[in-house]
Amino acid sequence: MSSVPVEQPAVTAALETPSRGFWSEAWRQFRRRKLSLAALAFVIGMGVSALFAPAIAGTKPLVTRYKGELYFPAMAYYNRSWENAIFRTQDKFRGRYPQNLKQKDPESWAIWPLVYQDPQRRLYRDEWEGIPPNPTGAKGKPYLYYLWLKGWDSLFGTNYVEEEFGELLKDGPLPFNLFGATDRGVDVFAQMVHGAQTAMLVGFVSMGIAAAIGITTGAAAGYFGGWIDILLSRVIEVVMCIPALVLILALLAIVERPSIWHIMVVIGITGWTGIARLTRGEFLKLKQMEYVTAAKALGAGRARIMFRHILRNALAPILVPIAFGIASAILVESALSFLGFGDPTRPSWGKLLDQGRDSIQEMWWLILFPGLAIFFTVLAYNLIGEGLQEATDPRMRQAGH
Amino acid sequence: MQTMTEPRAERRNKPGAPVLEARNLKVHFPFRRGLPFVGKYGVIRAVDGVSLHVNEGETLGLVGESGCGKSTTARAIVGLTAPTSGEIYLNGARIDGLSSSAMFTHRRDMQMVFQNPFSSLNPRMTVGAIIREPMDIFHLHSRRDRRLEVMRLMDLVGLNPRYMNRYPHEFSGGQRQRIGVARALAVEPKIILCDEPVSALDVSIQAQVINLLMDLQQKLGVAYLFIAHDLAVVRHIAHRVGVMYLGRIVELADADALYASPKHPYTQALLSAVPVPNPQREEQRQYVALAGEPPSPDRQYPGCPFAPRCPIGDEHCREVAPQLAGGQHLVSCHKVET
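Sequence lines, in order, name chains A and B.
Numbered according to this note's numbering, the first sequence terminates at residue 401, and the numbering increases by one at each position without gaps.
Numbered according to this note's numbering, the second sequence terminates at residue 739, and the numbering increases by one at each position without gaps.
Incorrect hints may have been included.
To be verified - With the Cβ distance kept under 7 Å, some of the chain A side facing chain B (calculated, not the full set):
id, residue
1, Gln288
2, Glu290
3, Tyr291
4, Ala297
5, Leu298
6, Gly299
7, Ala303
8, His309
9, Arg312
10, Pro317
To be clear, the hints were calculated from the coordinates, so they are not data collected in a lab.
Yeah, the Cβ is synthetic: ideal placement off N, Cα and C, and Gly gets one too.
Go ahead and model the full structure; you've got the sequences and the hints to work with.
Next up, the structure:
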């Protein structure tokens with residue numbers, strides 16, 4: 001080795017610090033944008049609460065010891081068939097646990113969700129000791145509203161509680177509907193928490209499908225070029241030309257009883273065009289790079305070149321429309337539920353809006369809370385998308401923040 | 402795939418046999434200017450009948466001005482550009498026009514080092530991953546051994562193996578070119594095509610990389626097809642030198658012979674343009690000025706392509722194409738006795 005002059009590495013000074021990869025650098029840049037970081041925290045919080053929705057609001061115990069066995073009836077909220085047969089057919093609980101547990105096995109105990117409310121049905125009289133059933137119609141005012149007025153009254157000496165809640169207070173304690181109840185007496189808070197599950201699921205699954213279709217199509221068009229590119233680009237343009245909602249409604253009409261999964265697939269197969277066009281552009285640009293030529297000369301296969309060399313460099317800009325796409329997928333699902341094309345078995349924010357449509361004057365809480373939830377979630381995803389764009393674009397980075 | 406399982410020694414050719422040979426290689430690019438059907442159609446003759454061979458453990462230098470087809474020749478040989486006609490042999494096996502899967506087994510014997518060390522390394526891959534990739538592609542060594550092999554290669558090209566997990570942007574140009582050389586060496590090729598490997602580097606760094614390449618040749622017996630436009634660099638590294646002009650080789654000889662007594666008028670002009678780093682000798686330097694620009698490669702010339710600019714060219718040169726001839730010192734010129 002002695003005859004080869006060894007160049008002194010230029011990085012000697014920074015020897016001890018570990019090397020920063022592209023993504024760790026992007027994360028460092030992303031963290032600088034406080035608003036995007038807050039949006040990310042919001043989305044993560046929303047995701048966690050969606051995942052653990054049955055532990056936040058529900059009428060089925062999380063854990064119960066019944067007749068000497070441990071059961072997890074709250075799992076029924078994830079999948080109906082997961083409710084143990086002993087509660088459904090054998091002992092006929094009919095979904096009402098507190099009294100049944102006590103009557104049929106006085107020894108039993110249970111851990112309950114934070115809020116005893118169901119996203120699907122109204123609470124019945126004496127279902128839980130001392131708590132009245134959910135009121136129906138305009139009487140189901142939010143408990144939060146009651147607290148707000150009470151605070152206002154005690155601060156300014158007004159008498160708004162009597163004015164708004166007077167007749168309800170005569171019947172004894174107020175029902176605990178944090179965000180109020182619907183026309184049929186179903187709790188809004190429980191629906192919102194379980195609706196977050198729907199929103200998250202729709203956002204990620206439909207954009208996952210869209211990303212898979214979009215990246216494959218765009219990659220094939222950009223990499224192979226020629227008539228494949230011409231053909232695929234025309235397909236992209238045709239799909240883009242059709243208004244998304246019309247296409248979704250047409251596709252949903254094919255299915256007899258659309259479930260949330262149908263809706264997600266349909267949103268996915270109509271929302272991939274933006275991703276495909278961007279991927280195509282990135283591939284067109286990156287396939288000219290010399291390191292791609294180097295990989296070809298090395299004998300790398302097509303798949304290796306497309307995925308390990310090109311897609312790896314194109315991923316950052318492609319993530320941006322995916323983040324925006326999640327926001328628009330949530331909006332589309334809400335719009336579909338609002339129009340009455342949603343999944344009837346699943347609580348969703350759009351469905352609440354739909355129910356509030358007829359009684360917007362007296363039941364304002366059916367519009368306000370889900371509306372805010374949709375607004376903030378969509379805003380959060382847009383902020384994340386923007387943050388990603390700036391964190392991964394070196395030109396923006398140099399501009400300095 | 403069969404050849405891959407054979408032991409390395411058995412794949413070696415008879416001594417002295419050329420590792421790489423190109424016969425009458427032509428690369429033409431069709432083009433269209435203006436509107437479809439009514440515009441001008443034609444072909445760019447980037448490489449127009451190049452014949453060369455590189456022996457085992459030998460360096461063939463290829464020089465010429467920009468646009469003379471040096472790089473296109475290299476790209477055609479490794480199969481990045483499909484040759485229009487001609488034959489390419491690697492270890493005696495014909496490799497032009499092979500499908501990419503048939504070409505795959507041959508790629509192990511022939512690697513390439515690129516001109517720009519800043520764009521020829523994937524910015525998202527660590528140095529270790531870049532050097533390991535050829536081994537991954539050809540399934541060489543066990544997974545655990547590949548890491549050791551990467552460290553050995555980094556050491557071999559004069560890089561500290563501790564920098565394995567760093568990214569290319571953390572290295573200087575010279576270090577990056579070393580990474581490029583290590584990547585080419587990873588599959589133990591018999592010949593490396595160096596496409597202007599030092600043109601993008603500082604002069605002081607150029608010498609280091611050139612010395613590294615020569616050192617590696619001595620140790621590993623690898624052959625080089627070394628493309629450059631810097632005559633001094635080529636003189637230093639090459640055993641034999643070919644001079645290209647307008648897609649053709651006009652002179653091909655041993656480096657010493659070519660630099661001592663260039664025969665082709667173009668080579669003479671080229672060599673006379675090299676500055677001498679000695680002020681007294683520099684003043685005495687005879688400078689042969691060439692008139693005009695190199696002609697466009699989109700036209701076909703019946704005679705010698707250099708004739709319009711040649712100081713000694715005549716009517717005969719313009720009409721009849723000369724052939725590359727003469728035992729050890731090949732020249733393509735009517736005016737030179739061979």
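| query | Going by Cβ atoms only, is Arg312(A) closer than 7 Å to chain B? | reply | holds (5 Å)
| message | Let's test the interface hint: is any C-beta of chain B closer than 7 Å to that of His309(A)? | response | Since the shortest Cβ distance to chain B is 6 Å, the answer is holds.
| task | Classify the hint on Glu290(A) as holds or violated, based on whether any CB of chain B lies nearer than 7 Å to its CB. | result | holds (4 Å)
| For the hint on Pro317(A), does the least C-beta distance to chain B fall short of 7 Å? | violated (13 Å)
| field | Hint check: 7 Å Cβ-Cβ cutoff, Ala297(A) to chain B | value | holds (4 Å)
| Does the nearest C-beta of chain B fall within a distance shorter than 7 Å of the C-beta of Gln288(A)? | violated (10 Å)
| query | Can we keep the Ala303(A) interface hint, with Cβ of chain B closer than 7 Å? | reply | violated (11 Å)
| Minimum Cβ distance from Leu298(A) to chain B below 7 Å? | holds (5 Å)
| Holds or violated: Tyr291(A) as interface residue toward chain B, Cβ cutoff 7 Å? | Check passed: Cβ of Tyr291(A) comes within 4 Å of chain B, closer than 7 Å.
| message | Holds or violated: the hint that Gly299(A) contacts chain B, with Cβ atoms closer than 7 Å. | response | Result: holds, 4 Å to nearest chain B Cβ.
Violated hints, in rising order: 1, 7 and 10; the structure is consistent with all others.
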